[in-house]
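Asker: Whole structure, please, built from the sequences with the hints as guidance.
In the order they appear, the protein sequences are chains A and B.
Quick note: the first sequence uses our numbering, first residue 1, plus one each step.
Quick note: the second sequence uses our numbering, first residue 1, plus one each step.
Simulated from the structure, these hints should not be mistaken for laboratory data.
Since this is a predicted model, take the numbers as computed values, not measurements.
Please note that the accuracy of each hint is not assured.
[Stated by the list, open to error] Using 30 angstroms as the maximum straight-line C-alpha spacing, the simulated DSS-like pairs for lysine-lysine come out as follows:
1. A:2 x B:56
2. A:366 x B:269
3. B:56 x A:5
4. A:228 x A:266
5. B:5 x A:364
6. A:56 x B:269
7. A:56 x B:49
[Stated by the list, open to error] If you want the ones that stay clear, here's a sample from chain A, every Cβ over 10 angstroms from chain B, calculated:
8. 16
9. 88
10. 103
11. 144
12. 146
13. 345
14. 385
Every residue gets a Cβ at the ideal spot worked out from N, C-alpha and C, and that includes glycine.
There are 2 protein chains.
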Amino acid sequence: MKVPKAALVCVGSELLSGQVNTHQAWLSVRLRRAGFDLTGEASVPDDPKAIRAALKHALSEADVVIACGGLGPTFDDITREAACAALDRSLTFDPRLWKVIRARFARYRMSVPEENKRQAMRISGAEILANTAGSAPGQLLRARGRTMILLPGPPSEMYPMFEAVLPRLVRLHARRVHPASFSVRLSGVPESIADERLDAVRARWPEARFTILASGGEVSFHATVLSKSAASAGATRARLRADIMGAVGEFAHGEGDVTLEEALGKRLKERRRTLAVAESCTGGLLGSRVTSVAGSSSYFLGGIISYANAVKIRRLGVPARLLDRHGAVSAQCASAMARGVRRATGADIGVAVTGVAGPGGGTKKKPVGLVFLAVCGPQRAERTRRLEIHGPRATVRDRAVTAALRLTFDALGP
Amino acid sequence: MKVPKAALVCVGSELLSGQVNTHQAWLSVRLRRAGFDLTGEASVPDDPKAIRAALKHALSEADVVIACGGLGPTFDDITREAACAALDRSLTFDPRLWKVIRARFARYRMSVPEENKRQAMRISGAEILANTAGSAPGQLLRARGRTMILLPGPPSEMYPMFEAVLPRLVRLHARRVHPASFSVRLSGVPESIADERLDAVRARWPEARFTILASGGEVSFHATVLSKSAASAGATRARLRADIMGAVGEFAHGEGDVTLEEALGKRLKERRRTLAVAESCTGGLLGSRVTSVAGSSSYFLGGIISYANAVKIRRLGVPARLLDRHGAVSAQCASAMARGVRRATGADIGVAVTGVAGPGGGTKKKPVGLVFLAVCGPQRAERTRRLEIHGPRATVRDRAVTAALRLTFDALGP
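Answerer: What follows is the structure, encoded as structure tokens:
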């Protein structure tokens, strides 16, 4: 089966002067699941020739061309004009579109700047894509069996517009493609081990496309296989899922795009348990990850950041003689911290991290990257873990937090 | 004066399947400062035709082509072969290169897999760029007055190799360009206001190139102007700096790439003051930002994450009647938290954040995005601040933390 191709053109000089472009990562996963392959991306400055050339090249290579950015009201927003040049179309003022834009401004009790009239220019033959979060309308064009969509640059406007137009792209280009997709997120396992376990799965599904991505101690694995019919896609996905989960299920914290902190939050809620954190080398990063989840106040009580030893002693009740004997970077100290924060906050579960984040502070016996974790509770159960993490300070901290979240997730039982 | 152009080609199917590409943001700033303009970027999958086409296109447009990725040892690492095809060169095994690779493995007491031999293949006429952090050597090629460099994909290997080769690129292509660059980081000011203030600067330097980027409540501003000679570049930079600082100096926390948390750390060290944090809605993010700086243990003692009100009362000594009367999201509560954490840790300065991060939990009187900050000390001085932040949960938390860091920075005096 031929997989329809998509190509991305990102327009904006800021993308070539220091701004990180996250569009291609976001779009690629959604395109894959819908049955498309993202086969290329280009970033071009706000220059008419460069935009036109990139659009033409993309049209020569892909069934669907997605252009993001350059739909604003100012003089350097020229994607509309460049698309006209690439497709040999004309641009005309659309009074109905202008009315929509004016109505949007009126809703916010603002007067419409004259320059916003540029946003009411419609490419001949284009369908308008409504913008639910901003004033720049999108446009959809059909040409020689291909489709080009112009989307605004800001993610808050681009994301909903893309989600809304995706079913239409599928009807136009991927109707005979029946993707069966399964994604799973793993933690507590190195990427290399997960990858090795998944080798056999890949061998059994030669026609599938797989992606494995590792970041901060988590591994995300996507698989898409094309099914023969819409009817069989469900069964195909179930087989794919069973095969993948058979290989790496023990490391899975969730399916789809669920983060480890979301999975932990869900489990805490289900078990009606509360959590508190005690952090040394991570300095608050663990609490920050836990509370990045909306609604975390229903299970997270708080914590103690005990960066200095005096805080470990005074606020967590870690015995001074324990610190003298074993040092702050030790399983004993992690345990005492976990117990201490449980006591200090009244939480059902206390989790602690202590280690050497680096780059300084390492010794032969306690090198940079050595981290101890402890989870105390529910009831009096206790677990500790020793990690040796290689990498710069940020990597050590990120992976220590991921491991702590995973240890807590496991402590709550399956 | 003609500004030499650089084009970037990022190789790797993972870049088209969900991995965020940060190379172009990182490289563009460094290229600009060295006198180059990054005029385009393309991401291509591990496909020989696609890589070759992208390299050829880049060579037709730019003086310097930077290719990142695809230099690993496995079958899908084919950038070397694609570069040969694009430049009509051949690839030969280089025994000296192989010796270097074997020595690297020997240092780590590992045996060299046979497939790593691919990394000892040198393109005819190429200079080898040493890899200080991995086994993939880079290559530099000259062709028809242009330069192509092949760099490894992982940032930990690419960054040092690029820094090492940059002076050579300057000698080859930007010798007659004398960039005078000045970068400054601002906080405590909305991007729109900073932008407006810089309008006059832009008008006075019509030949300069400016970039303004806002992220998480910080604004970074880069300016590069080409000077007539190497001798005059220093004076030009001084004038550029004076002009920019005259416009936005009051908001600057540092020059170059210094982060707000680094600037705060530096000031705390200079003043010999210690810091502690009390966090509600940010759940540890403030502590995490403070401790992302290496060496922060010399001024950061720790903190209390008081997500639940009981923790505010028991661990920070916030009076229950204060919470009853004013609520947890109030200037009064922020003050009490800041005072409380100062007492609890013995720090010279306590800083507190409390607010409604959303998306739930907002009321008419206390909407989502309402945040109160307080700084207590040094001595008994106290400052509070009220913020109304628009945006999703992550935005509210990021900006609240940036504002808290800035408030503390200011409290330490100029």
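Asker: If a hint holds in the structure, say so; if it does not, say that too.
Answerer: Structure-based check of all given hints:
For a cut-off of 30 angstroms, the pair hint linking residue 2 of chain A to residue 56 of chain B stands: about 27 angstroms separates their Cα positions. Taking the CA atoms of residue 366 of chain A and residue 269 of chain B, the gap is about 26 angstroms. The hint holds against a cut of 30 angstroms. A C-alpha spacing of about 22 angstroms is found between residue 56 of chain B and residue 5 of chain A, which places the hinted pair at or below 30 angstroms, so the restraint holds. For the proposed pair residue 228 of chain A and residue 266 of chain A, the alpha carbon gap of about 36 angstroms is over 30 angstroms, so the pair is violated.
The hinted pair formed by residue 5 of chain B and residue 364 of chain A fails the criterion: a straight-line CA distance of about 48 angstroms is larger than 30 angstroms. Between residue 56 of chain A and residue 269 of chain B the alpha-carbon distance is near 56 angstroms, which puts this suggested pair outside the 30 angstroms criterion. Between residue 56 of chain A and residue 49 of chain B the CA atoms are separated by roughly 18 angstroms; this keeps the pair inside 30 angstroms, and the hint holds. Against chain B, the non-interface label of residue 16 of chain A is violated: not every CB pair exceeds 10 angstroms, the least being about 5 angstroms.
Taking the minimum C-beta to C-beta distance to chain B, about 22 angstroms, the non-interface status of residue 88 of chain A holds against the 10 angstroms cut. Its beta-carbon lying about 21 angstroms from the closest one in chain B, residue 103 of chain A satisfies the requirement of being farther than 10 angstroms from that chain. The beta carbon of residue 144 of chain A is kept farther than 10 angstroms from every beta carbon of chain B, the shortest such distance being approximately 21 angstroms. Distance check for residue 146 of chain A against chain B: the nearest CB is about 18 angstroms away, which clears 10 angstroms, and the non-interface claim stands.
Annotated as non-interface, residue 345 of chain A brings its C-beta within 10 angstroms of a C-beta of chain B; the closest such distance is 5 angstroms. Every Cβ of chain B is farther than 10 angstroms from the Cβ of residue 385 of chain A; the closest lies at roughly 20 angstroms, confirming the non-interface assignment.
In this structure, the earlier hints numbered 4, 5, 6, 8, 13 are contradicted, and the remaining ones agree with it.
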